Each structure stands twice: as structure tokens, then as C-alpha cells.
Amino acid sequence: MADFDLNRADPDFKHEVAGRPGAEKISRCYACGACSARCPIGDLNPEFDPRRLIRLVVLGLKEEVLSSPLLWFCSTCYTCQETCPEGVDFTEVLFALKNMAAEAGFFPPSMSAQVDLLRKHGRLYEVTDFENEKRRDLGLPELTEKPEHFQMILDNFQLGPETEA
Amino acid sequence: MTPKPRNIVLLPHNFPPAWGLAAQAAAEQIRTWKNVAETRIVTRWTPEEIGSTGPDDRFFLVGRAEPLADLTGPEVRQFPLDLSTLMPWMAGDPSINLLALIKAEIEAAELGQTGEPVSLSPYPQVLVLGHGAAAEATIARLNQAGLEAVWARTGHEVSSFDSQAHPNNEINSNLEILPCREPLGIQGFAGRFTVRIDTGDSIREVQAGAVIICGAEEKTNLVPEPLREMPVQTLSHFEAELFGGKPPALTGQGDRFKIAFVTGLGRATSTVGMRRILTSSIKLAAETQTDVYVLAPQIKVAEYGLERLYGRARDSGVTFIRLPETGPEILSDPNHRPGFKVFDPLIQGHLILCPDLIVWDESSAPRADLTRWAEACDLLSGSDRGLGPDNVLFLPALTNRRGIISLGPARGTDSGEIQTLEIETAVAEAQRFLTDGMEHPQVLWWTGLCSRCLTCLRVCPHGAVTFTDRPWFHPQACLACGICAAVCPGQAIDLIDFTDGQLKVRLDVLMARPQEAAPPQPRLVVFGCRRSAQIAMRSAPPPEKPVDLIFAPLPCGGRLDERLVLEVLGQGADGVMAAVCHPDNCRTQRGGLMADRGVSRMKTVIKSAGFDPRRLKFITLAPNMGVEFTRAVDAFTAELARLDADGA
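So the protein sequences, as listed, match chains R and F.
Just so you know, the first sequence maps onto residues 1 to 165 in the numbering used here.
Just so you know, the second sequence maps onto residues 1 to 648 in the numbering used here.
There's no promise every hint is true.
Some chain R residues well away from chain F (every beta-carbon gap over 12 Å; in silico) [claimed, not checked]:
hint: 1; residue: 21
hint: 2; residue: 118
hint: 3; residue: 152
hint: 4; residue: 158
Okay, the calculated bits of chain R under chain F, using three or more residues with CB under 8 Å as the criterion [as the list claims (entries may be wrong)]:
hint: 5; stretch: 4–16
hint: 6; stretch: 46–55
Quick list of in silico lysine-lysine cross-link-like pairs, DSS-like style, CA-CA up to 27 Å [stated by the list, open to error]:
hint: 7; chain 1: F; residue 1: 504; chain 2: F; residue 2: 607
hint: 8; chain 1: R; residue 1: 25; chain 2: F; residue 2: 283
hint: 9; chain 1: R; residue 1: 25; chain 2: R; residue 2: 98
hint: 10; chain 1: R; residue 1: 62; chain 2: R; residue 2: 25
hint: 11; chain 1: R; residue 1: 25; chain 2: F; residue 2: 300
hint: 12; chain 1: F; residue 1: 504; chain 2: F; residue 2: 4
hint: 13; chain 1: R; residue 1: 62; chain 2: F; residue 2: 341
hint: 14; chain 1: R; residue 1: 120; chain 2: R; residue 2: 134
hint: 15; chain 1: F; residue 1: 34; chain 2: F; residue 2: 504
hint: 16; chain 1: F; residue 1: 283; chain 2: F; residue 2: 246
hint: 17; chain 1: R; residue 1: 62; chain 2: R; residue 2: 98
hint: 18; chain 1: F; residue 1: 283; chain 2: R; residue 2: 62
Honestly, the hints are just simulated from the structure, not real lab data.
Please read all numbers here as calculations on a predicted model, not as lab measurements.
No residue lacks a Cβ here, since even glycine has one placed at the ideal position from N, Cα and C.
In isolation and in its complexed conformation, chain R is listed as follows (with noise of 0.2 Å):
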């Protein structure tokens, strides 16, 4: 069980969060626990619990909250923010969180894959004949790779690397 020592927790991490678009109402959480309840996440892993994590950027315990892996388990269902009584819009929280943790250098391998991919395909699979022959059998137009729009949007973002020349 892990001690958190509030002396060395950064008090204004709740502000600075609660500054960011989306997350305005954090303030309102007091724990009821109903977004836990019915999150879907939760119940495949119960790690995964909005109000705890609410509750350590409460605490102003900023190093665990951004460099926690469960930030990125969210499937974005929106289950918590339709569920949550006090209006907290917790999907958007996380989104904050994230920005976050992607500016902080906390960014999982697995974000920086799906990254990679969009860089190079301009979704996030790659388009082979196997889906065209699929989409012709269906009647559906064919598809090609774009990821030229990708490949600006995330170099102004300076997500991933810089796309090879």
C-alpha cells in the first residue's frame, strides 16, 4: 500500500486542471462513486475508477495521476458523464488529463503506435487489396491512402516523429 505524501503534492494541479476546456467542473465531484459504478472499463479492470483518480488530482498528487497508464484505458463511451449527478463532465476531465500527460512526455507506446500509424496511412489501418476486393464485392468505392492531412495536423501538434522527408 503506497504512502502519498500531501508536503510534496502540487496544491495548484487541481486549478491548473480545472483551467483546461472541458474540465471546469472537477470541483463539483464529491465522490458519490456513480460514474464507477457504471463504467464499463471498471468492471474489466478495477483499477480503472474515475473518482479515484479525480481524487488523487484533488489531492494534488500530479506525477501519479499523469503518469498512470489507466488514463489511456478509456474507451470514451461517455457512460460517466451521462451518469454523474453534480454535472462533472468527467469523459472531458480525462481528455484534459491526457493533454496532459502527452505534454508532460507521459505517452504510451501503444498511443504512439496508433500515432505512427495515422502518420503513415491516414487511418489507422493499413488499406490493402484485401479490403478493396471486399468493398467491391459490397459495391463500395474503392479506397486509397490520404495521410498527407495527418501528416500536417500532427506535425503542427508535434506529435510522433517528424514525417520522413
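Go by the hints and put chain F onto chain R.
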């Protein structure tokens, strides 16, 4: 001689499938019973649908939880037959269960008796005991409600009600003020109390219809032992500096000053303390560069505006840490600043906090005078040593004695701040006992069986029993918990509608229900409080293993009769379970506790009668705990199966 009442069974036309029988078929079967005069099928519960009523009719309303308002009259007796204990998953043919339940209620009603109602003729005035802002606000509120007040004043300072202070105050002429050092006792019952007070030079008796104990303000500046080695200040002292224009010096060792407000070590947080802490912490967080922490066993928001203040505190960045009931662990390593270590269940880890300043809410320190008052007035006190049990149902102002109400400092807060909600509740509650009328007894007493052992007098938690040459049971104070009836060694006391005979006949009918399942399922008898377990059953999912469950409703856990436990075991029950309310959630305060003790005692008794004590189980439930009910039944049937396998 009065004619024998006619039993009429009213059946709803739309029987749910779970009952296993169409209304018509049920009516036909019930018609063959000797003690039923008539069965009627109703489509709507209206007087027109129900048809004629006679003066000696007893109506059994199958499937209804409440009596019908339209049918009320002195001559119409209604027996609503709430069938919530009839679960679709119960063993055997559901129609047999249904008919057994109806039959049990009719036979129990046949044995029903009532006592003579008591005339109340209450005293018109309300006695207010104590002094300070809470007492004065209570008197003002009583005046506003048009009620007559007598003030037994424990303090000496000048108040707004003193005629010298306000010679033109009209209220003063009607208010009788008595000096009071301490209350010495409260005799009587709601509506007619006699309060003995020590005036300092004599003892006086005051009559009152209700008593509101406001207590006495007493400033304690005591810092509890564990905090003395730390940088600590009392809340009053801190407030005086913070709001008095002389800002406290907030420079500490770290880069940011950390303040921890601490309340409720060994005593519940009060709403008054909570308001003071929230107000100070909001001001600090908004106006200074400090990190503010609030360490409290509970966040109390049950007063006007507190929830909003709590929200504002969170918005301004105040961090709340919940203390365990035992208080925080104190870190007193000489190489380290003193601090707190508290387990946080949410993040499953310990929080360590070494604040630069601790502000101690001294109003949450225990007080000796309230303990003396509680003893003198036969009042139960809670863990906060205020007058009133640790029970959510007795909040905000009720005590274990009807008509005696406690608030303000008497409830456990030293502050003079007025708690509006408590005062409103107290005045409304007092008013209930000041109107004349009749009160119907809840208890019957049989002279020939009584040995005058006084057990009833000693066990009654509500002060409802007195003794002359015989015990008297006073409906003005009785909460119908049935503890006296359950513990009476001579079986001389009966609780109306739950007499020994009625409980037995209900069980006999249900136990006689044939067991047809093959292989036979374990027969489990659940004695359950109708306020918790019976309601929990409505939402109970089916158990894992089928079980032949018989549910015997009790008015309260206190009525759990040890003799009935033996009886059902003798009649072939495989296990007996008592399911009552949680200890701090019992409507009668002591009922669940008595059931718990009864079960422990019975374990020894059934062992000597040749049964394994593990065949007896005690659980507590809230009304919304259907899932937990089934879980407990599953665990118990599994245990019974193990016992059977071991031949125990």
C-alpha cells in the same frame, strides 16, 4: 354479547402470475374455509367496487400495503395483506404459498385483541431547558407558533428576554423564567411531563406537555492529547484573528503554508462546527496563498446553506480528508515535523500531511455535563455525548423518549450559533403532544401471568413502563418495539397484532405448507423486521440454490421471540435467520440490538437442545438491500448444506 366479526377477503382481479393462481380460483378455494364469510373480487379499490360493509366486518385486502382511506370508520376494520414476502422464486407451488399467507393472516386476526384507549389531557406549556442563543431562539419560535413556554434557565447572563433589558417586550409578560442549576429528572410521558429542577436553593417541579432541552453553552479550550505536541490553535482563537482584522501570521517551513482544520476526534462533527470551518477555510483559500485541508469524520451538510458552502469550499480549492472513527494516526518522529497519517479508501493508500498550523474545532470536544443530564433524564446519548442516540432516524432533534427533544449545545455543539432546522423540528415535534385526544395502547398485559419481576421496566428503551403494584405501559411513550413482550419470562405482555398466539398461528400455518420439491430443499425461516428485511425482500433476486423460505414478519427486531426460534427448529426448520435493521438505523433504537443479543443467547440454548448453533444466524439489512438479502440467504443455505453433510 357482541356478534362475531365476519371475515371478508378482498382479492384484486388482476393477480400477478407470480402468485400462481387466478383471482377466481383463489376465491373458490378461500370460500371453503370455515372462518371466511365471503370473498369479493375487486377491479378497483373503491367503496362502490368493494360493496356493502357491516359493523362487524373485517376486511382482508390481499396484495395491498396500505389500508383504504375511503373505508375508514370506527366500525370498519381493515387488514392490508402486503404480499411482499411472496417471492416468485420461493419453493413449491406459489398458489400454496399465497393461500397459506392469507390463511395465516385471517387466523392471526381471529386472535387479535385491542386495549382500552387512554385519554391524553396534556399540559399546555413547553419547558425549555438551558440557556444561550439556541434556547432563546427556541423560545422565540415557540412564541411565534402561539405556544406557551416555561424557561428553566441555566445561565446568568442578561438575555433579550429579561424585562430589565427590554422593558417593552410583550413576550416577557407571558414567559415564566425559572433559575435552574441542573435538571434532576423527568417523570411522566409525552403530553404530561413533570420536570424536577435544582434552582440552586431549592428543588422545584414544573409541569409541561413537552420538553425541549437546549443545553448550556460552555466554552472549552481544551486541546486533545494527540494534538498537543503539534502547532495548534483553537477554532475560536483562529476565527477571532481571521475575521477580527488581525490576520494570522501564515509563514511556514514549506514554500506554501498548509493549514489543517481538525474536527470530531471522538465525537461526531456538528453542523455548527462545519459551518465555522467552511466559512474560515473559504476565506483563507480565497484571500491567502495557503493550502487548506479539512480533516473530519463526516462532512455534515444537514443545515440551511451548508451544502452550498461545501461546494464553494471545494471550488476555492479546499481539500477534504475523511478521518476514521478512531482518529488519524499521529506521526511523531523526532526527525520529522509532526503530522497525520490517514488511510484514503478511494486511492487505497495512506495520506501523509504535516501542516504548518492545525486549527482544532474545540466545540467537538466531549462534555461531562451532558452525560449527567442524560443520566438524570433517562436519555440515551450518542458517541458525541449529546442527548440523543447515534441514529439517523432520531436526527435532527429526537431523543429515545417521545416528547423530549434536544437541540443546540444539548445535541453536542458548544457554539451559540442557531441551528434553524433543529429548532423548527423541535417546535413541530413539541406541538404534536399538546393537543388533546385518545391514544391507543400498543401493548396488552395479562395480570395472572405477571410475576412482577420488573424486567419490562428495566429493558424499555423509551421510558414507557412504570410500576405501582403492577407494571403500566404508556402508549404516549411506547414505540411498539416489542422488547418487553419478547423478554417477559411469564409471557404476560403481548404486542398488539403481534401477540405470542398470533405469531405462533402465522408460523404454524406457514410451516404446515407441504414441501413438494424433489430433492427436498432446505427449509429456512427468516424472522425479519417489516421495516427493513421485508422491504428488502421485494427487490431480492432469486437465490443461487433453491430454498424453501418462510418469512415471518416482526414489527421490529426487538420482538424476536426466543421461544419461537426453538419452536420452528422443532417443527423441522433447517435454519433460522434473524434479519433486522442496522444498529444506527433502528426506528426503536434498541430493537436490532436486542435481536442480536437474543440470537447469541439462543445459540447456547439450541446447542443444549441438540441443534448446531450454526443453524441460527443474525444479519442486519437496510430496506434497499435486496441483493444483500439474497447473498445472505445463499451463504446460509451453503453453510446449512455443509452442516448436513457433516451430520451436524
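Checked hints:
Residue-level check passed: residue 21(R) sits 18 Å from the nearest beta carbon of chain F, beyond 12 Å. Non-interface call for residue 118(R) relative to chain F: holds, since the shortest CB-CB distance, roughly 34 Å, exceeds 12 Å. Residue-level check passed: residue 152(R) sits 40 Å from the nearest beta carbon of chain F, beyond 12 Å. Its beta-carbon lying about 31 Å from the closest one in chain F, residue 158(R) satisfies the requirement of being farther than 12 Å from that chain.
Figure legend: the stretch 4–16 of chain R, annotated as covered by chain F; annotation consistent (7 residues with Cβ-Cβ distances under 8 Å, at least 3 required). Here the stretch 46–55 of chain R counts 4 residues with a CB under 8 Å from a CB of chain F, which clears the bar of 3, and the coverage holds. With a C-alpha separation of about 22 Å, the suggested pair residue 504(F) and residue 607(F) falls inside the 27 Å cut-off, and the hint holds. Distance check on the hinted pair: residue 25(R) and residue 283(F) sit about 21 Å apart at the alpha-carbon level, within 27 Å; holds.
Restraint check for residue 25(R) and residue 98(R): the C-alpha separation of about 17 Å stays at or below 27 Å, so the hint holds. Distance hint between residue 62(R) and residue 25(R) is fulfilled; the C-alpha atoms sit about 18 Å from each other, no more than 27 Å. The straight-line distance between the Cα atoms of residue 25(R) and residue 300(F) is roughly 22 Å, inside the 27 Å bound, and the hint therefore holds. Restraint check for residue 504(F) and residue 4(F): satisfied, since their Cα atoms lie roughly 22 Å apart, inside the 27 Å limit.
With a C-alpha separation of about 20 Å, the suggested pairing of residue 62(R) with residue 341(F) holds against the 27 Å cut-off. At most 27 Å may separate the alpha-carbon atoms for a hinted pair to count; residue 120(R) and residue 134(R) meet this at roughly 22 Å. Our distance criterion of 27 Å between C-alpha atoms is met by residue 34(F) and residue 504(F), whose separation comes to about 20 Å. Annotation: proposed proximity of residue 283(F) to residue 246(F) holds, straight-line Cα distance about 14 Å (limit 27 Å).
For the given pair, residue 62(R) sits about 12 Å from residue 98(R) by alpha-carbon distance, which is consistent with the 27 Å threshold. With a CA separation close to 25 Å, the supplied pair residue 283(F) and residue 62(R) stays within the 27 Å bound.
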